[in-house]
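A.B. asks: Work the whole structure out from these sequences, hints included.
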Amino acid sequence: MIDEEGAYHNSGRSFFLRYYGQDLHLSWFSPGEKTYIVHSPLGKALQIPEHEEVHPEWMLDVFVMKKNGSFVEFARFQPPHRPAADRIHLENGLLVGWSMDQRYVELCAKKAGQAADKGARFEMTRY
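Residue numbers (my numbering): 3 to 129.
Heads up, a few of these hints could be off.
As the list claims (entries may be wrong) - With a straight-line cut-off of 27 angstroms between C-alpha atoms, the simulated DSSO-like cross-links for lysine-lysine are:
1) K113 with K68
2) K68 with K112
3) K69 with K113
4) K120 with K69
5) K68 with K120
What the hints assert, rightly or not - Computed spacing ranges between beta-carbons, pair by pair:
6) H57 with N94: 13 to 21 angstroms
7) Y10 with E55: 21 to 29 angstroms
8) P33 with E7: 20 to 28 angstroms
9) Q104 with Q49: 31 to 39 angstroms
10) H41 with V64: 26 to 34 angstroms
11) K113 with P51: 32 to 40 angstroms
Just so you know, these hints were derived from the structure itself, not from any lab. Built from N, CA and C at the ideal position, the CB exists for glycine as well.
C.D. replies: Spelled out as structure tokens, the structure:
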């Protein structure tokens, strides 16, 4: 949430999705962390790495503007060849830790505050 003065407040959980073979692992975090596994009725189980550090290729951020209740959304693609600041730590496919690029989140919050009163629009930014 972004309040009337433009300050960013964490307003809920973050989610991370990852497939291992046909099985979906849905994790939430901040605060705490929990992973749900949705087993596929198709195919066989895949060997899951014991320890894994994942750099998400796609990040979706949604901010709620307190003054008018609108949503401001950001989508970011991080190609695999580019060094990423965001990291998800998994053990046996379960989320056990994370670190996100706080500078990017603060940039999004600032842009959200600037865009809130401009109505529906699309803007592309290179980060």
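A.B. asks: Looking at the structure, which of the earlier hints fail to hold?
C.D. replies: none
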